[in-house]
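Following the hints, position chain B against chain A.
Read off the chains here:
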Amino acid sequence: DTEVTQTPKHLVMGMTNKKSLKCEQHMGHRAMYWYKQKAKKPPELMFVYSYEKLSINESVPSRFSPECPNSSLLNLHLHALQPEDSALYLCASSRRTSGVNNEQFFGPGTRLTVL
Amino acid sequence: GQQLNQSPQSMFIQEGEDVSMNCTSSSIFNTWLWYKQDPGEGPVLLIALYKAGELTSNGRLTAQFGITRKDSFLNISASIPSDVGIYFCAGLVVSANDMRFGAGTRLTVKP
Chain A
269 DTEVTQTPKH LVMGMTNKKS LKCEQHMGHR AMYWYKQKAK KPPELMFVYS YEKLSINESV
329 PSRFSPECPN SSLLNLHLHA LQPEDSALYL CASSRRTSGV NNEQFFGPGT RLTVL
Chain B
-5 GQQLNQSPQS MFIQEGEDVS MNCTSSSIFN TWLWYKQDPG EGPVLLIALY KAGELTSNGR
55 LTAQFGITRK DSFLNISASI PSDVGIYFCA GLVVSANDMR FGAGTRLTVK P
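Protein chains in written order, with the working numbering: chain A, 269 to 383; chain B, -5 to 105.
If you're looking for bench data, these hints aren't it; they were derived computationally from the structure. One thing to keep in mind: the hints can contain errors.
[Said to hold, decoys possible] DSS-like mimics (lysine-lysine), calculated; alpha carbons at most 27 Å apart, straight line:
| no. | chain 1 | residue 1 | chain 2 | residue 2 |
| --- | --- | --- | --- | --- |
| 1 | A | Lys306 | B | Lys45 |
| 2 | A | Lys286 | B | Lys104 |
| 3 | A | Lys309 | A | Lys287 |
| 4 | A | Lys304 | B | Lys104 |
| 5 | B | Lys64 | A | Lys308 |
| 6 | A | Lys309 | B | Lys64 |
[Claimed, not checked] What the simulated footprint calls covered on chain B by chain A, stretch by stretch (three residues with Cβ under 8 Å from a Cβ of chain A suffice, anywhere in the stretch; the number is not a length):
| no. | region |
| --- | --- |
| 7 | 57 to 70 |
| 8 | 92 to 98 |
[Unchecked claim] Label pairs and their computed distance ranges (CB to CB):
| no. | chain 1 | residue 1 | chain 2 | residue 2 | range |
| --- | --- | --- | --- | --- | --- |
| 9 | A | Pro276 | B | Val38 | 29 to 39 Å |
| 10 | B | Val38 | A | Ser333 | 22 to 32 Å |
| 11 | B | Arg100 | A | Arg379 | 17 to 27 Å |
| 12 | A | Thr381 | B | Glu11 | 29 to 39 Å |
| 13 | A | Ser330 | B | Asp12 | 44 to 54 Å |
| 14 | A | Thr273 | B | Val88 | 27 to 37 Å |
| 15 | A | Leu322 | B | Gln8 | 28 to 38 Å |
No residue lacks a Cβ here, since even glycine has one placed at the ideal position from N, Cα and C.
Only chain A is shown next, with the shape it has when bound in the complex (with noise of 0.2 Å):
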């Protein structure tokens, strides 16, 4: 099984809403990762998590906050975010943050828009 599965697909949410995106993976996995994509771009890292800890954070708003409760689960809460960062947010798996056949697999992704 080398699926990524997030939730939801699409979410549309005004600049007050609290929402939660979700990511699991079961390939028994230790490095999962959340991504920014905007159209036409390639996607762009924001946090990395090795073991359930938070290892990288690539200097992402407060406004985004990851949560990693357990080695299959991934959490990005959203809170007051802003229209523009209205994008497609990618999670990715990987054995570990380091050494070799160590490729990430990507989740479907969720289509999120602020209004």
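Positioned in the frame of chain A, the structure of chain B alone reads:
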């Protein structure tokens, strides 16, 4: 930081034609990856390359890890309409959080 130069930016080809795209960098990578992304979906891993000089095939796709470790190419033979999408190269140093993406090649296949 490491920058990946992916070319061409876009391609318009006839069904049945072969396609070639490549990525170059001024820095060395330990792993080269090729992904395909359909509109509104996440990138799907096509081929992973781990050793300099490695040539790997996946059906009609063939990719190579350049000898200098600074480049990689992807070939698609006998293209079909479902090959349409954006192809991204990605280079990995030892740490996976150091993965860098190319800007993507948008492929259009005319039936």
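Evaluation of the provided hints:
1. A:Lys306 / B:Lys45: Roughly 32 Å between the alpha carbons, so the hint for A:Lys306 and B:Lys45 is violated.
2. A:Lys286 / B:Lys104: Not OK: A:Lys286 and B:Lys104 at ~44 Å, beyond 27 Å, violated.
3. A:Lys309 / A:Lys287: holds, 25 Å
4. A:Lys304 / B:Lys104: violated, 31 Å
5. B:Lys64 / A:Lys308: OK: B:Lys64 and A:Lys308 at ~24 Å, within 27 Å.
6. A:Lys309 / B:Lys64: holds, 22 Å
7. 57 to 70: That given contact is violated, which follows from only 0 residues of the region 57 to 70 of chain B lying within Cβ reach (below 8 Å) of chain A.
8. 92 to 98: Per the Cβ count (5), the hint holds.
9. A:Pro276 / B:Val38: 29 to 39 Å: 20 Å Cβ-Cβ, so the 29 to 39 Å window is violated.
10. B:Val38 / A:Ser333: 22 to 32 Å: holds, 28 Å
11. B:Arg100 / A:Arg379: 17 to 27 Å: About 19 Å separates the Cβ atoms of B:Arg100 and A:Arg379, which means 17 to 27 Å holds.
12. A:Thr381 / B:Glu11: 29 to 39 Å: holds, 37 Å
13. A:Ser330 / B:Asp12: 44 to 54 Å: holds, 49 Å
14. A:Thr273 / B:Val88: 27 to 37 Å: holds, 29 Å
15. A:Leu322 / B:Gln8: 28 to 38 Å: With a Cβ separation near 48 Å, A:Leu322 and B:Gln8 fall outside 28 to 38 Å, so the hint is violated.
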